[in-house]
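Fit the two chains together into the complex; they arrive one by one in their own frames, and the hints show the way.
Sequence order for the protein chains is A and B. The UniProt record's numbering applies: residue 1 is where the first sequence begins, and numbers increase by one. The UniProt record's numbering applies: residue 1 is where the second sequence begins, and numbers increase by one.
Worth double-checking, as some hints may not be accurate.
[Unchecked claim] Residues from chain A that keep clear of chain B, each with C-beta distances beyond 12 Å, as calculated: (1) Lys48; (2) Gly148; (3) Val385; (4) Leu386.
[Stated by the list, open to error] Under the rule of at most 20 Å between Cα atoms (straight-line distance), these lysine to aspartate or glutamate pairs were calculated in the EDC-like manner: (5) Lys84/B - Asp292/A; (6) Lys193/B - Asp277/A; (7) Lys222/B - Asp277/A.
Don't read these hints as lab results, they were simulated from the structure. As the structure is a prediction and not an experimental result, all values here were calculated from the model. Glycine included, each C-beta is placed from N, C-alpha and C at the ideal position.
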Amino acid sequence: MVLNYPRDLTEEQNLLLNSIRGMLEEYGENYWAKLDESHLYPEEFVKKFTELGLFNVPIPVEYGGAGLGIREASLILEEINASGGNSQPFHGQYYMSWLLSKFASVEMKKKLFPALGSGKIRMQSMGLTEPDAGSNTPEIKTFAKKYGNNYIINGQKIFTSRIEESDWILIVARTKRYDDVQKKTDGISLFLLGPEQKKEIEYTRIKTMFNSQTYQVFINNITVPEENLIGEENRGFGYLMHVLNPERILIASESIGDMRWFIEKSAGYASSRVVFDRPIGENQGVQFPIADIYAKMLSVSALRWQAASLYDSGGDIKIVGELANSAKYLASEYAWQAANVAMDTYGGYGVAVDTGIERKFREARLYKVAPITNNLVLSYLGHNVLNMPKSY
Amino acid sequence: MNIAVLIKQTIDMDQLKTNENGEPILDNLPLKLDILSKNAIEAAVQLKEKYGGEITGISFGTDKTTSAIKEAYAMGVDTGVILKGYKKSNPHVTANVIYEYIKDKNFDIIILGNQSSDSYSGILAPVLSEKMKIPLLSNAIGIEIADKNVKATLELEEYNVIQTQAMPVVISVAQEINNPRLPNVMQIMKAGKKEIKIIDANPNYSDSPNVISNTAPKSERKRIIFENTDDGVAEISRLLRGASR
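Pulled out of the complex, with its shape left as it was, chain B reads as follows (with noise of 0.2 Å):
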């Protein structure tokens, strides 16, 4: 089985501060391999230990990418590639640069996060989908394979779906699905060693949206204080049911 997980390199959004106008200050922040990513990889390698296959994963990123292909690689992932020209968040550029590198590779599965935790689109999995002309699975919780289909398992807000798909197929993961291993040291260790592909992606940023404005929402809090402890429990226990119902 011929596997592709798409790994985005993204801020450390713990350690995102915002200025007096509450823009983000996004100027040397350190840099991170997405958590939903992570998820991906996960499942890209629980799926080769299981069935057997190739994993590649590939990264629209910079020269500053090659950490987070070093950690897939020790995650389990068998070959990386960085399509090097990331500039900003642009799902549609994204897409199209993955696409031109995916299209004539023959993969089987694509698996990448239903979004990503800095830009929250979700816009990537169902455009790939579209350009490829293959199957989407989306917000998946568990994914089986059975003879050339894809059996997945699709989390929506109700209720679950299982749904079956011949490959090859998108799969988007929720963060549900599994819990990223951590990479032990001899593994961090091989992978520092291994070759990473680095092709120029040229990616065509012109037809991007202008952003006007990025601030965060200012949330005022109450600060309600009580004096005596028991109407303060009594306040807390009635607010607590009132957002259990």
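Okay, chain A solo, but in the shape it has when bound (with noise of 0.2 Å):
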């Protein structure tokens, strides 16, 4: 059974709640076991995932899409992991089109958006993190040089998750060289590679912890139409906020699914496990932690819905963007005590692959550290919201 929680949600939301858990009874722990063990792509899963038009949330209803908010889509993702499931292989699709919604032009939009929604064509891949820049995007490198309608880009992008498994990509660009501009995040452009270019672009797997499509990708000499580009030219780093702070709402939702699944599991245990005569979860010292993260999952549940309806309301994204952060930061951080406290509650048995806690536990460390560390979170709270020193 999944841990429920109060919420309070429309009945159009727990409609389509009760529609992703009626499909998550079919993909049971096993599913998603068996795939950590071969590394695949859910495939099937992420199939049933567009019968139920889930890629639909984010695309407007003008291009024949759901219209929907970010509320709605972590509420999806936040039940696939709480059910010990991982979103991780198809969210990008969800930041992608808002980014597309915003930005794109209409021409582009309706080319893509029908495609998307039906299952036609995949877009989550985002090709941004190099291996000389990481955290510090304005030092990009990859370079777009325009000749006549089109853009030639050059460069290499490192973790870019999902290039294999998606039809279009998008790739962030400078356009102006890193010393040719004043202020440092201007100059970058943002592009969207289909099809035709993809196949031009060399990229290899990195083999990680969990079951994770990411790649090591190099663009040489490819040739992209310039109504490729998204909005205008040098100004895509502003844009990139509609793509990383909705990025963030999202990962901060999956973690909250798995705690969810953490405290379930371990809740379960210690009822049950019985040593010395007594079910475990008589001591306070086993009991106590699982509390502590259920108050910890209601708390920051409720700013990341408080970050979902402020970008929803078109809100200031400067203050989406601090609390988004802050739930990501909260959310992985004590979804990684969670899956501690799941492990120190099994026991020997949390290290048992059968019990599902090691492979959750190693899906649930990834993102203190990605999309963003959670140590450039706090640089961000404490420079640009706290208005302290730059730290970096």
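The structure is reproduced here in structure tokens:
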């Protein structure tokens, strides 16, 4: 049984949850455990996800979508993780869809949105991080030079997720060199690369500690038509906030789902596992850490909802950023704490693969360092929100 | 074809807990569309898809029943009606309320679950059939239509019976009849915008039986522990063989 908690949802949001729960009943923990062993993409799950129309969630109504918000997307991804699954392999298309709906041309939206909603194409990959830039986005080296009606892009990316599993991808490139701009975030542009360009990209998969499709990418002299530029040239960094803030909120939601799963497992095991003639959960040393995580889950879920609601209502993107970053920071830290509480509660059984604890433990660890490391979230809050000196 | 499907909203039985006296704690439980109502809706929608027609979803409920009707809409029901005033489980009161609404509506088929997951009384279908003076096809696991007749496969304990009846009929369905569809996002969005008719039913509960006690049966588990695994396996194997006979 998946752990529930008090939430104030609309009837439509509850119906959405009912549908996703119905679907999740078909994909138990064994499904995810097998994928974890083989490191394969959850193709069958994503197909069913598409059939339920779930990729239509962020697509505007005028392009045939449901026109729903991050709140609904966050409910869906949270529930998948709370059931023991992992939303990481397909969450990318959600935040990419919000970027498109805000900044892509009408022609591009007409071309991509119906196909994304129906599952004809997938677009769940964003090439941002580079070997020499890491968290310091303005220092990316990938460069797009304009020749006539085209751009020629050259560069290298690392930890680009799901490029193999996408038909369209987003590449972040400089269109003005770092040294040639006063404000270092200027001169960055966003490009959509379609199947034609993707064929020419070279990439190799990076082996990771859990089932994650992430790649090293080499872009050599790839020609991209100018209509594939998103919004205006050189202004891409600002647009990225509309990918990164939704991404933070959704990832916070996945961590909240992970917390629910760890709490459910731990509370169940603590109540049923009998040692010294009584359930181990009778010991405060076992019981209180689980209750502590539950309280933290309620608090960060509320913060995540506040961030999502503000984004959905078109609130100030800087305040959204403050809330979204805080939610991602707390949710990932708490989820990691929950993973450790589950390990402690299960004792030796926690490392046994069959209980599933060690798999979720490995998965939960990622979000302390990705898509942004938690230290950088604290730097952002310290400097940009609390006006303390810049620490990096 | 004019189909009525009767829809019940129940508490979420998965989340029901009992207090120290074994009595159910009913406060603040989430409500959901009953599983057998989902089977009934699915059966109705499949009939509509195959033979055409209109489906009216009817629920004896409260202001909160709108969520069940919206789910029914998302599954394919055309018109939703809430007969408001439900207070507690009493199948005779429910039958009266439903009868008063449907008696002059000329439905060809009235479909409902053979029982509901909260009370499991199974009384509503036969009482309604008696009030309407139309045949009951009970425990259906298959429904087909030919001309003005319904041909239903009815599940009995030892074997199945295939029965043909001229419409109008009441059909109560068993859970085995189908796998209810999961509404997709776009259907949910459309369902949210559809109008729901809400009618005051003014039910009369005066003859309801008085519940003296409602407690969960106590089950003491034996908790037999075998220190020697071989002994345990042998015992489990013996018990399983016994159960399968």
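The hints, checked one at a time:
1. Lys48: violated (9 Å)
2. Gly148: holds (42 Å)
3. Val385: Holds: least Cβ distance 35 Å, greater than 12 Å.
4. Leu386: Fine: 40 Å to the nearest Cβ keeps Leu386/A off the interface.
5. Lys84/B - Asp292/A: Not satisfied, since the Cα-Cα distance of roughly 42 Å exceeds 20 Å.
6. Lys193/B - Asp277/A: violated (57 Å)
7. Lys222/B - Asp277/A: holds (15 Å)
When each numbered hint is compared with the structure, violations occur for hints 1, 5, 6.
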